[in-house]
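Chemist: Take these sequences, add in the hints, and give me the full structure.
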Amino acid sequence: MPIVASLWTQKAKRWFDFLVFSASRTVFLHNPDAVVQLLRNCFSATLGLNVNDGGVGALLGHGGIFPVAPGILYLRMYRALRDTVSVTEEIFSLLIHSVKDIAQNRLSKEDLERLKTVKSGSRYGQSSLATAMTQVKLAASLSASLVWLTGGLGMVHLLIKETIPSWFLSVDKSDQEQGPSELVAEL
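Numbering (the numbering used here), first residue to last: 152 to 338.
If you're looking for bench data, these hints aren't it; they were derived computationally from the structure.
As the structure is a computational prediction, the values presented were derived from the model and not from experiment.
Careful: at least some of the hints might be erroneous.
Straight-line distance between alpha carbons at most 30 angstroms, and here's what the computed DSSO-like set of lysine-lysine pairs gives [said to hold, decoys possible]:
{"hint": "1", "residue 1": "Lys251", "residue 2": "Lys312"}
{"hint": "2", "residue 1": "Lys288", "residue 2": "Lys312"}
{"hint": "3", "residue 1": "Lys251", "residue 2": "Lys288"}
Modeler: Shown next as structure tokens:
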């Protein structure tokens, strides 16, 4: 009886994981907002914007691969996406918003003022800028991975040929004048 109970416990855990994935796939297929929320969770988990830690470990689950981690959920459901163009545009939008958040949250106002007033070549404030650059590289790597998974090479070409140029053309000048816009553009 203990052996049967042990085997059933292991099977019940696998059934739980299966039910979670099946139910989540249905939600993601029928609700595009759920896909957007999952992408947001992927970005916030990877970048650690809500908590101090982040990275791939947080994307796939702390300390190991957990079945309900945002990255694992996306890996399980991305093949079933129907509108890959809008998902790719949402990934790009989340990248831009993440860069703005990194510039505003990771760099203090004093660092931003120092970076504006100090001539290039100076080391003043570079540690904060290096930390922000590391976070931006992580966000860009996550975005590139998600775009590649979502639509493959064709989606990457579409992003380069249409989405990014139209984004640069549509950037509002009044939006740029607020806060550290030069730094956001540089990052």
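Chemist: Please name the hints from earlier in the document that this structure breaks, with their numbers sorted from lowest to highest.
Modeler: none
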